[in-house]
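S.K.: Sequence:
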Amino acid sequence: MLLPLPTWGARESALELDALLAKVGREAVLLSDLDRFSDVDKVLNCAGVAKREKALPTDRKSLLNAYIEDELLYLEAREKKTSTSGQIPLSVQAIMAKETCRAKWLALGERYSKMWRTESRTREGEGMLVRELEKRVLVEKFRRTEVIPDMDLWKREAGLRYPVKIYLE
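The C-terminal position of the sequence shown is numbered 223 in this note's numbering, with every residue numbered one higher than the one before it.
Just so you know, these hints were derived from the structure itself, not from any lab.
There could be a bad hint or two in this list.
To be verified - Below, computed lysine to aspartate or glutamate pairings styled on EDC-like, alpha-carbon distance capped at 16 Å: (1) K115 - D87; (2) K209 - D93; (3) K158 - D89; (4) K189 - E133; (5) K195 - D87; (6) K135 - E188; (7) K77 - D87; (8) K158 - E200; (9) K189 - E81; (10) K96 - E186; (11) K108 - E123; (12) K209 - E130; (13) K189 - D89; (14) K96 - E188; (15) K219 - E123; (16) K195 - E178; (17) K135 - E200; (18) K96 - E107; (19) K134 - E200; (20) K195 - D113; (21) K105 - D87; (22) K115 - D89; (23) K77 - E107; (24) K189 - D93; (25) K189 - E130; (26) K158 - E180; (27) K96 - E133; (28) K189 - D113; (29) K195 - E130; (30) K168 - E153; (31) K189 - D87; (32) K219 - E81.
Start from the sequences, fold in the hints, and give me the full structure.
M.R.: What follows is the structure in structure tokens.
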């Protein structure tokens, strides 16, 4: 006998699960990575730490492409041993200096703390945010110091060194 599965109000509110969207090099790119990338980028733009020519896109596919580009820059920066010594505390000071940025950062910390907390890792969410902040600061420094005349050519070359596989279509 077949019985229908209960939905528990699935039609009223949808719970979005984490999903594998792509791979950059050996690193998996999850949906939560995109959200964290976007959240931290908004705070860094608010504080004036990271300056993009244009704002991050809101649709998932374009945001994934922007994330992949930043991830390739991050891998290149690590390969060239680019250092962020002293820049993380300065970034945090810049975030805390503006009240709106500070409020965004603290709200993110609280939200991620609730979302990713486990019994053995009570500060996992905050740790994820700080790691993302470190990555974005490193990428921003690499963008400023490295001369990349043709970004499309550079992306193709970096894509050969660090293979990119996109699962989201």
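S.K.: Name the hints, by number, that the structure is in violation of.
M.R.: Result: hints 2, 5, 8, 16, 20, 21, 23, 27, 28, 30 break, sorted rising.
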